[in-house]
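Visitor: All chains should be built: construct the whole structure from the sequences, respecting the hints.
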Amino acid sequence: MTQHSTGTSITFDRATKTYPGAAAPALDALDLEVEAGELVCLVGPSGGGKTTALQLVNRLVDLTSGDIRIGDRSISDQSAIELRRTIGYAIQQSGLFPHYTVAHNIATVPTILGWDKERIRTRTAELLELVGLSPVETWLSRYPAQLSGGQQQRVGIARALAADPPVMLMDEPFGALDPITRVAVQDEFLAIHRAVGKTTLFVTHDIDEAIKMADRIAILKPGGKLAQFGTPSEVLSNPADDFVAEFLGSERGLKRLALTTVGEIVPGRSDRASAETAQWPDVEATMTLREALSVVSAARAEGAIVHKGGNRLGEVSLHDLIAPPVAVEDREGVRT
Amino acid sequence: MSDFAPAGDPVIPDYGQASDCVINNGAFCTDWFISQWSTVFWPPVLSHIVMVAIAVSIGFVIAFFAGLLAYRKKWLAGPIGMAATFLYTLPPLALFQLLVPFTGLSLLTVEIALVCFTLVIIFQAVLVGLSGVPDDVRRAATGMGLDRNQLLLKVELPLALPSIISGVRIATVLTVSIATIAAFVIDDGLGSPIIKAVSSPFNTQFVGAGALAVLLAFALDGLLVLLGRGLTPWTKVRN
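Here the protein sequences line up with chains R and G, keeping their order. My numbering puts the first sequence at residues 95 to 430. My numbering puts the second sequence at residues 3 to 241.
Heads up, some of the hints might be wrong.
As the list claims (entries may be wrong) - With a Cα cut of at most 30 Å, we get these calculated DSSO-like pairs of lysine-lysine:
{"hint": "1", "chain 1": "G", "residue 1": "LYS76", "chain 2": "G", "residue 2": "LYS156"}
{"hint": "2", "chain 1": "G", "residue 1": "LYS76", "chain 2": "G", "residue 2": "LYS198"}
{"hint": "3", "chain 1": "G", "residue 1": "LYS156", "chain 2": "G", "residue 2": "LYS75"}
{"hint": "4", "chain 1": "G", "residue 1": "LYS156", "chain 2": "R", "residue 2": "LYS211"}
{"hint": "5", "chain 1": "R", "residue 1": "LYS349", "chain 2": "R", "residue 2": "LYS319"}
{"hint": "6", "chain 1": "G", "residue 1": "LYS238", "chain 2": "R", "residue 2": "LYS211"}
What the hints assert, rightly or not - Covered by chain G, according to a simulated footprint, are these stretches of chain R (three or more residues, beta-carbon under 8 Å):
{"hint": "7", "region": "186 to 194"}
{"hint": "8", "region": "399 to 412"}
It is worth saying that the hints were derived from the structure and are not from the lab. Note that CB positions come from ideal geometry on N, CA and C, so glycine has one too.
Guide: What follows is the structure, given as structure tokens:
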């Protein structure tokens, strides 16, 4: 097994980018501290500078002014090429090399870094397992054209993780996937993120994706200014300004309910009369409050019965679902 | 078919001992073709192949590096493309005529002319192939830390291969054809038996050598297709 390096912080220090010939900056004095191991989503409308912010980190775009540090080292302290080899990079459409097999794609950076063949082989197999492509032997010698979009994206993530970089940059990695595949790959990536603890900067234009994935969300507004930076719960309950409120949409109250699962709020055995709950629908403990609310609404009931596996955990009323106790909103591991 | 001898001067080789077909100057006499294969046909086939191989190889090297240069320095693409197109538009016979005072009635004259005609095709194929590399692939490669040479050798050139190979195929077929005209300069290649058969109209030599030129073009094209398949295994995979 390869030792996983723990993540390293990323600090934007008044990072500014003005493209040649542009009157206004694409990214305007961004101050942002992404803590080690944290997953931060950069969201915002087109023209908000989120992709620019990401590409500044691996120097695909050069800073006009300000600085970005990975750990306590400025990105300008080393050559762009060396820097990029220490940063995992995954993009929309996966960017896989069509002429390389899956194994060859994943081995790209380790090969450049001069790893020996055995080490690369072990690492490749380990990564394919990690992204859920097993048995490994069936995938190694396939070309990207032989994979579905979701499989390509999984290989793209494995390739980005190959040299065990402390930092990952992901540029709308799931943007081209169909909704069902997208949810599956998001869940897998979250599990991977929890397992390997890479500091991850994740660009998306989809606020729901950000709410689902992020420890903290940075919302950028046109002109490349940071509108708000906080946990999904903070952002949804206290939008900093009208722009953020509008960007979150009129359903932000419901989106907030998507942050909590039914299992987190279900009280112990209640003493409700079984006559009352007889018509209540069943929900799984892993469902979000929002999903459970949908089930309850569809059944025209006053609450739901919560199950985990085959076991009945208890009941939640309609009131429990729409006004959950405050304490459970801040998810584990999230800084407030 | 016929058993009377033709009147007039004998213009047919081996008159008197030959088959009816030869005596009557039939469209294509298989017996004569076979009996003359090793003297009239095979040596020109070989020299034709050599002529084409030299021209396409040299043309490829020049056009390949010109294509790389134009890809790296975009402003050069226009001027190089125009120069190559100009060479391509010259009538082959006129170009031979133009070169003979300098390089004589030599293989060198022929090769210079043939190379000139391959350039624009291969140059464009290299440039189109390199420019056609998808942006997301290039961006991913750069973002992963490939330097410029690694990007070119590991990503851009391999992905440009299908286009480059199709350019070489067209250039090869064209050169097989133009090289028959080289017989006006040197007594070599499949043009030589064709020209001789035209001046003393004997059909079998004319048709045989012409057909060999066509077959040679097909054969070389087929070899390049196989080479291409071997070099680009990812292009034939399916889901």
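Visitor: Against each hint, give a clear statement of whether it holds in the structure.
Guide: To see whether the hints hold, each was checked on the structure:
1. G:LYS76 with G:LYS156: holds, 21 Å
2. G:LYS76 with G:LYS198: At roughly 48 Å apart (the allowed maximum being 30 Å), LYS198 (chain G) and LYS76 (chain G) break the hint.
3. G:LYS156 with G:LYS75: holds, 20 Å
4. G:LYS156 with R:LYS211: The given pair, whose Cα atoms are some 18 Å apart, holds under the 30 Å limit.
5. R:LYS349 with R:LYS319: holds, 24 Å
6. G:LYS238 with R:LYS211: Holds, because 27 Å separates the two Cα atoms, which is no more than 30 Å.
7. 186 to 194: Coverage by chain G holds here, the residue count being 9 at a Cβ distance below 8 Å.
8. 399 to 412: Since 0 is below three, the answer is violated.
In this structure, the earlier hints numbered 2, 8 are contradicted, and the remaining ones agree with it.
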